[in-house]
Each structure stands twice: as structure tokens, then as C-alpha cells.
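A.B. asks: Chain by chain, the residues run as shown.
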Amino acid sequence: MKPLHAKRTFGSIIRDLRLKRTQYSLRKLAETVGISPAYLSRLESDRDPPPSEEIVIKMARALGADSDELFSHANKVSPDLIKIIKNHPKSVPAFLRLAKENNLSEDDWKRISEYVASKMFGKKGT
Amino acid sequence: MKKICDMDSVRWMPKEEITFLASNLLENYEEYAGQTVNPPIPIETIIERFLNLRLEYDDLKARFGLADILGATWIKEKRIVIDRSLLDEDHLGRMFFTMAHEVGHWCVHRQAFVGPAARRSRGPQIVCRESGARARGEWQADYFAAALLMPEMPVREAFAEVFGFKPIVIYNQKSIAPKSLFWLDLAWEHAGEIARAVIEKGRFTNVSKTAMRIRLEELGLLVNYTCERLAAAS
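Those sequence lines, one after another, are chains R and D. For the first sequence, numbering that gives the first Met the number 0 begins at 0 and goes up steadily by one. For the second sequence, numbering that gives the first Met the number 0 begins at 0 and goes up steadily by one.
One chain only, chain R, in its complex shape (with noise of 0.2 Å):
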């Protein structure tokens, strides 16, 4: 999927993906997301600040959108990935700043997650 652009604001990330990749209006998006329209209209023109994390992923999975990316532009990290951090309080965030330290790359990145996924099937790392 297409990045979605990082320096835009989450309200018009929902309004561009709504119109462009849906059909859906304004109300319908509301009630498949169970909000009022009205916040939802607020959310798309930026007046209130971005949503829970609950309504993020349905707003994610109603849009076709990648939820992450769409936590990123709502300055949120999915619940998920707290979880993980929780888990593994002094390694993940230890890994992390590594990582930041070092520059990674997004090829960097993708080298490190094709070495894990190896891992998980037993196979060994390139």
C-alpha cells in the first residue's frame, strides 16, 4: 500500500482515504466506526484531537487503511505494540534506541524483519 504522507494531519488522512477509497459518506463512515457524524466531521477538519486507539483501528479496517501508519499520524502506538514493550521492558526499548543511535534505514529495517521471520521458521538468518 501507498505511504500515506507523513507530514499530514490526521483529520484530512481520514477525509482523502474516505473519498478516495471508499464510497462511503460522512454518517456511514460514522456509524460503521460507531461514532456520531458530528465527531466525525470534527475529527476530519482537525477540531477535536485524534480518537482512542479502539476507534484508530476500526477507522483503519473501514478505510482499507494500515493501521500503524494511521496510529503514526494520530501520535498513538497500537495497543498491541505496548503490550509487546510491556513484555519486554529493558530489551525492546533497549533494541529501539539502537536502532535510532544507528540510523536504521527502511532497508535496514525490512533486513531485520526478513532475519526474525527466518528465525520463527527455524531457518537461518542471511
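A portion of the hints provided could be inaccurate.
Below are the BS3-like pairs computed for lysine-lysine, each with C-alpha atoms no more than 25 Å apart in a straight line [as the list claims (entries may be wrong)]:
id : chain 1 : residue 1 : chain 2 : residue 2
1  : R       : Lys99     : R       : Lys85
2  : R       : Lys85     : D       : Lys77
3  : R       : Lys19     : D       : Lys77
4  : D       : Lys14     : R       : Lys27
5  : R       : Lys85     : R       : Lys6
6  : R       : Lys19     : R       : Lys118
7  : R       : Lys109    : R       : Lys89
8  : D       : Lys77     : R       : Lys89
9  : R       : Lys99     : R       : Lys82
10 : D       : Lys75     : R       : Lys19
11 : R       : Lys6      : R       : Lys89
12 : R       : Lys75     : R       : Lys57
13 : R       : Lys109    : R       : Lys75
14 : R       : Lys27     : R       : Lys57
15 : R       : Lys99     : R       : Lys109
16 : R       : Lys57     : R       : Lys89
17 : D       : Lys77     : R       : Lys6
18 : D       : Lys208    : D       : Lys14
Derived coverage of chain D by chain R (criterion: at least 3 residues anywhere in the stretch with Cβ under 8 Å from a Cβ of chain R; other residues may be distant) [unchecked claim]:
id : region
19 : 39 to 53
20 : 97 to 111
Hints listed in this document are in silico derivations from the structure and should not be mistaken for laboratory results. From a predicted model like this one, the values you see are computed outputs, not experimental measurements. Even for Gly, the Cβ is constructed at its ideal location relative to N, Cα and C.
Starting from the known structure of chain R, arrange chain D on it as the hints suggest.
C.D. replies: Okay, now just chain D, sitting in the frame of chain R:
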């Protein structure tokens, strides 16, 4: 709020011209959609996807301190805002009519808002209130909305399927009774039922009974002789 354009001072237009503008919008939308558009006319889609206007819901009553505000249009920002009270299930017909009304302002009156005063303005150029419905521009926007949501041919066809080709003339029996009984207006009740039948047959599901009654009267399909009979009886 600074007044940019007085809706009383917009130029007079014949009904035919307003109807033409509404029909023209529908035809252009059909071309965009690549298909014939039948009722219910998708007014939200027309606003957001065809006209590329922002559609929003807000508490306009609180925002402007006006108890009877229904909608507002920001011409410069290409934005239509509907008062959130109309989102109530009981008011949906009115909400869609207000949307079509604001589209009417956009199509019919927006050229009146392109001057320096409009460019400097930060507020909405058009604020629509129930109490302002008699202003010429508001009447024009109402007429446009009715022509857009209830195009003449589909209304006539639906009416004919239910009631035949002759107009219905309502004689209000109680109206010629002594004045103490005037409170019971049977004609009004019957008109609502006639409107409901046309709405159901023609699938005008985003239109209120009141709006359809007025449209049927406008098209000469529903004639109320009550006033004439009252006048004759008095």
C-alpha cells in the same frame, strides 16, 4: 457577523431558470457518475465528490448564537456546514433538504460573493435560518433544492402510478363548518398521506412529507381548494 450579501437583494429569477440550473447539475452529475441517477438523489455524494465541497456537521446554533440556524456556506473555503441537530433521525428529510438548499446557494448565488468584501471575510458568506426563508435568495435556494431532490418527471411518474394522471383536489369538509371547528384541518392531513404515497412509490426516501407536499402543489398535482371555499363561506 459581517453581512457580505443580502439575500433580499439578489437578482430576481424565473422558476424556469432555477429549475434549469438544478436539472443541469443533475445532468452533469449523471455524466460524472456514468449512469442515470434516480431518487433518492445522492446529495451528500454530489456535494463531496462531484462539487468537491467540504461537508461538515457542527453545532451552528451555539457557534453563532442563533436558535433557528440550519446551515451555512463558506463560498471562499468551498465549505457547507449543516447544524448537527438535523442529524436526528426525525429530521433527516430536513437535513437533506438543507444540504440541497446550500447547494442551491452555491450554484445560484456564489458569483455574488466574489468581491473584495467576500475575500476579506472569515465567516460564512451565507447563513440560512428558518426565519430568513422569505428572503428572495432563500426562496430561490429552496426552489432549487426542491427541483434537485424532487425532479419534475420522477415526481409526476410516481404520482401517476399511485393516483392516476388527474391532479388531486382537496375539499376540506370541516373548513366550511362553523368557525369554532376550524382547528381541525383535514385537508392538511390528507395532503401528508398523499405526499407519503408519492415518496414511497418514487423512492424519494431522503425527502420529508412536507417538502413533497409543497412540491406536489407547485407542480399542480395537489390542489387545495380549502382557502377558496373558506372565502366563499365567509
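A.B. asks: Regarding the pair Lys27(R) and Lys57(R), is the alpha-carbon distance no greater than 25 Å?
C.D. replies: holds, 13 Å
A.B. asks: Within a Cα-Cα threshold of 25 Å, do Lys75(D) and Lys19(R) meet the stated pairing?
C.D. replies: It holds: about 23 Å lies between the C-alpha atoms, which stays within 25 Å.
A.B. asks: Are the Cα atoms of Lys14(D) and Lys27(R) separated by 25 Å or less?
C.D. replies: It is violated: about 34 Å lies between the C-alpha atoms, which goes past 25 Å.
A.B. asks: Does Lys89(R) lie within 25 Å of Lys77(D) when you go C-alpha to C-alpha?
C.D. replies: Since the Cα atoms of Lys77(D) and Lys89(R) sit roughly 51 Å apart, the hinted pair is violated (cutoff 25 Å).
A.B. asks: With a cut-off of 25 Å on the C-alpha distance, tell me whether Lys75(R) and Lys57(R) pass.
C.D. replies: holds, 14 Å
A.B. asks: Does the structure keep Lys85(R) and Lys6(R) at a Cα separation of 25 Å or less?
C.D. replies: Judged against 25 Å, a Cα distance of about 29 Å means the pair is violated.
A.B. asks: Check whether three or more residues of the region 39 to 53 of chain D sit with their beta carbon closer than 8 Å to a beta carbon of chain R.
C.D. replies: holds (count 5)
A.B. asks: Checking one constraint from the list: CA of Lys109(R) to CA of Lys75(R), max 25 Å. Satisfied?
C.D. replies: Judged against 25 Å, a Cα distance of about 22 Å means the pair holds.
A.B. asks: Starting from Lys99(R), check that the Cα of Lys82(R) is at most 25 Å away, please.
C.D. replies: holds, 21 Å
A.B. asks: Holds or violated: Lys19(R) and Lys118(R), Cα atoms, limit 25 Å.
C.D. replies: Between Lys19(R) and Lys118(R) the Cα gap is close to 39 Å, so the pair fails against 25 Å, i.e. violated.
A.B. asks: Taking a Cβ-to-Cβ distance below 8 Å as contact, does the region 97 to 111 of chain D have at least three residues touching chain R?
C.D. replies: Not satisfied, violated; 0 residues make the cut.
A.B. asks: Regarding the pair Lys85(R) and Lys77(D), is the alpha-carbon distance no greater than 25 Å?
C.D. replies: violated, 47 Å
Of the hints listed earlier, those the structure fails to meet are numbers 2, 4, 5, 6, 8, 11, 16 and 20, in rising order.
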